[in-house]
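For the protein sequence lines, the chains are E and S, in the order given. Mapping to UniProt numbering: the first sequence position 324 is 324, numbers consecutive. Mapping to UniProt numbering: the second sequence position 304 is 304, numbers consecutive.
What the hints contain is simulated information worked out from the structure, not anything from laboratory work. Take these hints with a grain of salt, some might be off.
With a straight-line Cα cutoff of 30 Å, these simulated BS3-like cross-link-like pairs (lysine-lysine) come out [as the list claims (entries may be wrong)]:
no., chain 1, residue 1, chain 2, residue 2
1, E, K84, S, K52
2, E, K255, S, K52
3, E, K84, S, K84
4, E, K79, S, K18
Values in this document were obtained by computation on a predicted structure and should not be read as measured data.
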Amino acid sequence: MACLTDLINLNLSDTTEKIIAEYIWIGGSGMDLRSKARTLSGPVTDPSKLPKWNYDGSSTGQAPGEDSEVILYPQAIFKDPFRKGNNILVMCDCYTPAGEPIPTNKRYNAAKIFSSPEVAAEEPWYGIEQEYTLLQKDTKWPLGWPVGGFPGPQGPYYCSIGADKSFGRDIVDSHYKACLYAGINISGINGEVMPGQWEFQVGPSVGISAGDQVWVARYILERITEIAGVVVTFDPKPIPGDWNGAGAHTNYSTKSMRNDGGYEVIKSAIEKLKLRHKEHIAAYGEGNERRLTGRHETADINTFSWGVANRGASVRVGRETEQNGKGYFEDRRPASNMDPYVVTSMIAETTIVWKP
Amino acid sequence: MAMLTDLINLDLSDCSDKIIAEYIWVGGSGMDVRSKARTLSKPVNDPSKLPKWNFDGSSTGQATGDDSEVILCPQAIFRDPFRKGKNILVMCDCYAPNGEPIPTNNRHRAAKIFSHPDVKVEEPWFGIEQEYTLLQKDTNWPLGWPLGGYPGPQGPYYCAAGADKSYGRDIVDAHYKACLYAGIDISGINGEVMPGQWEFQVGPAVGISAGDQIWVARYILERITENGGVVVSFDPKPIPGDWNGAGAHTNYSTKSMRSDGGYEVIKKAINKLGLRHREHIAAYGDGNERRLTGRHETADINTFIWGVANRGASVRVGRDTEKEGKGYFEDRRPASNMDPYVVTSLIAETTILWEPSHSNGNGVTAP
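Let the hints inform the model, and build the full structure from the sequences given.
See below:
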């Protein structure tokens, strides 16, 4: 296969100014990522200088066949870790030819919330802990699990090493460097409690950028599992029973929370989240009721609770934040298949704009 | 899979100052090593400049779910042989949020002993011979052994070469270079008497550093076996019967032992070890009674004997040391699953700080 790899890794900058831009968007299910590539005549680093594009929305459940063009607006640029050189990945959102965001375009509303003066002044920061499970390709059984059976019970796997405990590290480590290369603010990775499950963290990112970075990080992850011949799932409870689910804990702070006296602001914010618990849960990912049971380090889906260092609560405040009187808090409710545009903007809206 | 390897080996130093730091700690069983990684904004080579971190202790048997944060304090930095560049491995120990070391944190106690003025002035050196066994992944049967059966009896395998005698050299050699790259003082390797069993040596290392280096060397070994699809065991007697066990012989000397007249200091030290034989054995690794039988180059667990060039003794003194009248000695009692923080500090404590009291030989330890 050496020849193919040589071709994939061709460095074109000696022969041409042209670059390749991979336009990425979210498809009709709200979780399927799509992308296609185009050639540009020279390097571009500003999304507003990239051309709009379009695609066949009838093939992604986003438009009818007789009026199928969906317009792609470039919103964020990242370096392409697969093509390298000056080639780029472009995160886009989707509009009708008339310029209206299509129904599945969640970024548009989020961007409006983040650019409202009240929210912008608070500089909301997000740190998102994206969990995911790796599955064997044809059986869809978790990677490393014996086919037709189960591994030993949870305990040895969290942050573990060893061929009998840790499955898929190549994917995780290549994803880490690929994201750093791309310019994504990936802050860490760890092996999770369920074998074959992993987590990466993106942040701190400001406002709309959190959503862009998590989506592109997911894209890079799925491209890497594609290379490895393994399937990635963002299902919040991939295996029923005594196996941890997968979440997307969202750490959050505003300027006021990060300043002196911030702990009071945090407590008020948590109160507001409690009052809107049902609305948030409805937006925090499909199938979350299979995961938020009150067991396996979750709080029951119908209950809102918060506590310092309490991993069984809906919202957890770190000991350092309590000690310093300022900092951030962690909303542990979002499922791994949440839309980060929806979750980040909703947390900002509820805590900054909404009045009970 | 070439593309995955390209990505894993990406050299980010062209596009970013950021580095990745893999924080390593010892988990709740005292033998399970855990790690997770974080991004730092630029290279760091001083552990005191690294941020403290925390982990979910309820997932490693080190805290309860409603108060789960355990704090990680960086203690030693090594270069990351897997991520290379300026990326690092960080050996940490664990504390409760109030700053107290958690019960499984053996490093904290050891560090106190090593910073005692009487111990410091003696510059205790350690050379640890870490033995381990490689096992096939799904059967947990030693690597190279026929499934459902046994290889020919011991004899041909010690330091052997050949596909019918030596199993897993790739892992051993990769580990050797990886440790050297990381900055670990790995002084050698050899194939052991039992087929599928190997040994590496770390040292001479001073004081607390011996423990740090052994733990990180074990971490690197298990990362490599993970990569190799093989399981590593530190069990002291992985196969019952006429098969050698696995130990962690600990070679030791102090400044006085290394200086002229040191042989007398050595004999006194060995005598003190003899008086505290039970206390040491209790701290030298679980399951050691299956290994220290008096056969297979061990001394019986209930007996303390020492001798020059005697591999059947609890403590062995090399012929060189006897001839030159100074040097070091080898405590052959520790099992392969010993905690090097515990063993090294206990040896230092007994030989330097502890004095047998004349009345009953139970002894007192200097404050």
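Verification of the hints:
1. A C-alpha spacing of about 34 Å is found between K84 of chain E and K52 of chain S, which places the hinted pair above 30 Å, so the restraint is violated.
2. The straight-line distance between the Cα atoms of K255 of chain E and K52 of chain S is roughly 23 Å, inside the 30 Å bound, and the hint therefore holds.
3. At most 30 Å may separate the alpha-carbon atoms for a hinted pair to count; K84 of chain E and K84 of chain S meet this at roughly 20 Å.
4. As the CA atoms of K79 of chain E and K18 of chain S are separated by approximately 16 Å, the hinted pair is consistent with the 30 Å bound.
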